[in-house]
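**Q** This is what each chain is made of:
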Amino acid sequence: MSSRRMNLLYRLAEALAGGEGLKIIECLVRNGDMRDDELALELGLKPNVVRKILYRFAENSIVTVQRFRDEKTGWFYFKWRVQLDQVELYLENQRQRILNRLMERLRYEETHEFYSCPKGCERVPFERAVEQSFMCSRCGAPLQYEDNAYVIEALKSKIKELGG
Amino acid sequence: MPSSSGRKRGEIERLALQLVNEAGDKGILQSELWKLIGVTSREGSRIAIRLEKKNLIRREREYSSKRWTYRLYPVRKNHPLLPILDSPCLVCEDNSRCNIQDVVSPLNCRKLMEWVLKTQKSS
Chain C
540 MSSRRMNLLY RLAEALAGGE GLKIIECLVR NGDMRDDELA LELGLKPNVV
590 RKILYRFAEN SIVTVQRFRD EKTGWFYFKW RVQLDQVELY LENQRQRILN
640 RLMERLRYEE THEFYSCPKG CERVPFERAV EQSFMCSRCG APLQYEDNAY
690 VIEALKSKIK ELGG
Chain U
35 MPSSSGRKRG EIERLALQLV NEAGDKGILQ SELWKLIGVT SREGSRIAIR
85 LEKKNLIRRE REYSSKRWTY RLYPVRKNHP LLPILDSPCL VCEDNSRCNI
135 QDVVSPLNCR KLMEWVLKTQ KSS
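Chains as they are written, first to last, in my numbering: chain C, 540 to 703; chain U, 35 to 157.
Hints were generated in silico from the structure; no laboratory data involved. There may be inaccurate statements among the hints.
[Claimed, not checked] Derived DSBU-like pairs: lysine-lysine, alpha-carbon spacing no greater than 35 Å straight-line:
#1 152(U) / 562(C)
#2 87(U) / 60(U)
#3 658(C) / 152(U)
#4 100(U) / 699(C)
#5 585(C) / 100(U)
#6 145(U) / 695(C)
#7 562(C) / 145(U)
#8 69(U) / 695(C)
#9 60(U) / 699(C)
#10 87(U) / 699(C)
#11 695(C) / 100(U)
#12 591(C) / 145(U)
#13 88(U) / 695(C)
#14 145(U) / 658(C)
#15 699(C) / 69(U)
#16 87(U) / 591(C)
[Unchecked claim] Pulled a few chain C residues facing chain U out of the computed Cβ check, cut under 7 Å:
#17 620
#18 630
#19 633
#20 637
#21 643
#22 646
#23 647
#24 694
#25 698
#26 702
[As the list claims (entries may be wrong)] Computed footprint of chain C on chain U; a stretch qualifies when at least three of its residues, placed anywhere within it, have a C-beta under 8 Å from a C-beta of chain C:
#27 75-87
#28 116-125
Beta carbons are placed, not taken as given, at the ideal position from N, Cα and C, and that holds for glycine.
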């Protein structure tokens, strides 16, 4: 298995569900297909916690699930498996999304003037500040002009970091 | 505009790109590629030029079978993926519906800006 992919998988699991998520993924990588109750038992976690995390992973395509029916009881049970080949695709897709958001935000920051509340309640563009007569809509304090050069600089640097 | 074989241009471009990507570092001769796809060489070279303009492939001139042709290589972009792992978007419940035309928008997202400004401060 590619160590780059494994590293990304573990880091992503931790980012999505913390230490418990990481334990679950490590256990799945070690044992292959596993039922959620087996996972809970092996890791000493509550079954509902394990399921919740697994569903979150499934939403993000890093695990896949198959449903089986128990012959004796007629109950359904679920087997989970890591989808290692999806990790990079998922992250690349997210990178592109985040990059687009940052670019939109940069365009917005570059084309607007901002006014903010000195108490930190809100930050509004010039047009809205006019509507509010340059008063904070929450605490009533007068809004102050904000030089957003630092925001633009930070956005540009982040966009560059993400390969944009 | 439909091509001579009746397929759409986009579909052929996608197929061509897929074959170039599959060829990897060895690349693939333009003349071989058109045979695999089933289009004329004129149409083929136009598609290659378009893909090159989009920065999806790289063309290098090569002498093969007593004539000049091009070898096509994929443009691999190894984008950095680690920096997004601490982004708030990954764990945000509104990630899938965050859009500039929506209520949940990157234009007013505090978490996004806190993340951007935090990394700026720490660097």
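**Q** State for each hint whether it applies.
**A** Hint-by-hint comparison with the structure:
no.: 1; hint: 152(U) / 562(C); verdict: holds (28 Å)
no.: 2; hint: 87(U) / 60(U); verdict: holds (21 Å)
no.: 3; hint: 658(C) / 152(U); verdict: holds (20 Å)
no.: 4; hint: 100(U) / 699(C); verdict: violated (45 Å)
no.: 5; hint: 585(C) / 100(U); verdict: violated (71 Å)
no.: 6; hint: 145(U) / 695(C); verdict: holds (17 Å)
no.: 7; hint: 562(C) / 145(U); verdict: holds (27 Å)
no.: 8; hint: 69(U) / 695(C); verdict: violated (45 Å)
no.: 9; hint: 60(U) / 699(C); verdict: holds (30 Å)
no.: 10; hint: 87(U) / 699(C); verdict: holds (22 Å)
no.: 11; hint: 695(C) / 100(U); verdict: violated (50 Å)
no.: 12; hint: 591(C) / 145(U); verdict: holds (24 Å)
no.: 13; hint: 88(U) / 695(C); verdict: holds (23 Å)
no.: 14; hint: 145(U) / 658(C); verdict: holds (18 Å)
no.: 15; hint: 699(C) / 69(U); verdict: violated (40 Å)
no.: 16; hint: 87(U) / 591(C); verdict: violated (46 Å)
no.: 17; hint: 620; verdict: violated (22 Å)
no.: 18; hint: 630; verdict: holds (4 Å)
no.: 19; hint: 633; verdict: holds (6 Å)
no.: 20; hint: 637; verdict: holds (5 Å)
no.: 21; hint: 643; verdict: holds (5 Å)
no.: 22; hint: 646; verdict: violated (9 Å)
no.: 23; hint: 647; verdict: holds (5 Å)
no.: 24; hint: 694; verdict: holds (6 Å)
no.: 25; hint: 698; verdict: violated (9 Å)
no.: 26; hint: 702; verdict: holds (4 Å)
no.: 27; hint: 75-87; verdict: violated (count 0)
no.: 28; hint: 116-125; verdict: holds (count 9)
Consistency note: the structure conflicts with the earlier hints numbered 4, 5, 8, 11, 15, 16, 17, 22, 25, 27.
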